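Participant: Got chain A; can you put chain B on it based on the hints?
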Amino acid sequence: MGGEGAVVRFLAAAAAAGLLAGAANAATPASEQRRFEAEARASAPGFGGFSAQRGEVLFKATHGGEWSCSSCHTANPLAQGRHARTGKPIAPLAPAANPERFTDPATIDKWFRRNCNDVLARACTAQEKGDVMQYLMSLK
Amino acid sequence: MHNIPRRRTFAIAAWAIGPLAAILVAHQAMAESRIAAPPNARWSAECGTCHVAYPAPLLSAQGWHRIMSQLDRHFGTDASLEPAAAAEIGAYLERYSGSSRRTAASPDSMRITETAWFVHEHGEVPSAAWRSPAVKSAANCAACHTGAEKGDFRERGIRIPR
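Listed in order, the protein sequences are those of chains A and B.
The numbers in the working numbering rise by one with no breaks, and the one at position 132 of the first sequence is 132.
The numbers in the working numbering rise by one with no breaks, and the one at position 91 of the second sequence is 231.
Since the hints were made in silico from the structure, they are not lab data.
The structure displayed is predicted, hence computed values, not measured ones.
All C-beta atoms in this analysis are idealised placements derived from N, C-alpha and C, irrespective of residue type, glycine included.
Careful: at least some of the hints might be erroneous.
[Said to hold, decoys possible] Pairwise CB distance ranges (calculated): (1) B:S239 to A:A61: 26 to 34 Å; (2) A:P45 to B:D292: 55 to 63 Å; (3) B:A185 to A:R82: 18 to 26 Å; (4) B:S249 to A:E39: 21 to 29 Å; (5) A:R82 to B:A231: 47 to 55 Å; (6) A:G49 to B:S277: 39 to 47 Å; (7) B:D292 to A:G46: 50 to 58 Å; (8) A:G46 to B:A176: 41 to 49 Å; (9) A:N76 to B:R206: 35 to 43 Å.
[Stated by the list, open to error] Capping the alpha-carbon separation at 25 Å, the derived lysine to any residue pairs in SDA-like fashion look like this: (10) B:K276 to A:W67; (11) A:K110 to B:E264; (12) B:K290 to B:E264; (13) A:K88 to A:I108; (14) A:K88 to B:S240; (15) B:K290 to A:E100; (16) A:K88 to B:H191; (17) A:K60 to B:K290; (18) A:K60 to B:T189.
Only chain A is shown next, with the shape it has when bound in the complex (with noise of 0.2 Å):
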């Protein structure tokens, strides 16, 4: 009997921190934003906040290549984009035309790192990052 109810009590505590790991898991592009905040605060002291207008800038100019974050997203985040090359269809990339972004951030450090390694030929800042996403976070 009190043996049944230690085994009841133990997976009721472990449903418990199961649902609290998920939940700590589960990113939203503000959970995403803090990290980039934490990380640009780390890496530059004076660190003045992110600004959607320096993200719009970003993503629409081309830095020395080919290509800016608009070829494939296209000048309208809330839109379709197409991959460049490829032609492949990409879903909109502002989190209010598809729910879907920014919500995991092994997802979110892959492409920037892919993306930003095609367009800047070099790794983003945690400033940059920031405001691109903040740019993002203001289409409605």
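Facilitator: Below, chain B without anything else, positioned relative to chain A:
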């Protein structure tokens, strides 16, 4: 002298014919679509974002190995993967890679479009079709192979855009 019971005769026939029928059906399916590999979730998610996830049998193990060893410079873009994903996908592609001479490209090529079977199969495609804006690139299988996203490359699914 000893009559084989009828029930056993049926059993022997089923044993003999069953596998033969299965082989015939499988052979027919392979001949029709020319590709046969069980799908892999990571392959389809990671390789299918920017282009059709190209089926493993379309290229030799050597070709896949070359592609997977330089994903950060993947036909002009950075397609780098986390090591665990790269290892799983690389093993899957090599396991189901094309084994015939026809899937081998020249030693320094990694392009499916340069393999002997691809060149042979696409010989009838008019050159204007390749240049059509709807096709854009020979990498764009789905422009003509309407079932490409599902791994279906059968003739009946081909619609060349005009």
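Participant: Of the hints given before, which are not true for this structure?
Facilitator: Violated hints (numbers, rising): 1, 4, 5, 8, 11, 14, 17; every other hint is consistent with the structure.
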